[in-house]
Amino acid sequence: MYASGNNYEKLRLKTHYEAKNQKTHFVLPFSVNYLGQSILTVPYCHPHFASLKVAAKLMSSKFLHSEIREKGGAYGGGAAIGKEGHFMFYSY
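Be aware that the sequence shown starts at 462, since it is given in the working numbering, and climbs by one per residue.
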């Protein structure tokens, strides 16, 4: 199905999001705790996206692994960036 005319406007993705702080707690039936936080950066088509992607990989393997797993005692954690520009930190 293709969008045409007025239908195209209805199908367009929202390109501007207002930042807001939101704290959410889910009770899960697991003995492991999961924690995450994200910040909105730049989307995939931005020139800085590639640098953020590399930074996320380096942070995960070189810094966060030793800080979270070796020093903190957690199972693991890391950083990642999504195509929309959400830079995420997580641990479990």
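Be aware that a few hints might be false.
Calculated cross-link-like contacts (lysine-lysine; reagent style DSBU-like; alpha-carbon spacing at most 30 Å) [unchecked claim]:
#, residue 1, residue 2
1, Lys-518, Lys-484
2, Lys-484, Lys-544
3, Lys-523, Lys-544
4, Lys-532, Lys-514
DEER-style ranges, computed between Cβ atoms [as the list claims (entries may be wrong)]:
#, residue 1, residue 2, range
5, Lys-523, Thr-502, 16 to 24 Å
6, Val-515, Phe-491, 18 to 26 Å
7, Lys-481, Ser-527, 26 to 34 Å
Hint data in this document are derived by calculation from the structure and do not stem from the laboratory.
From the three backbone atoms N, C-alpha and C, an ideal C-beta is built for every residue, glycine too.
- Item | Hint check against the structure, violated hint numbers in rising order | 6
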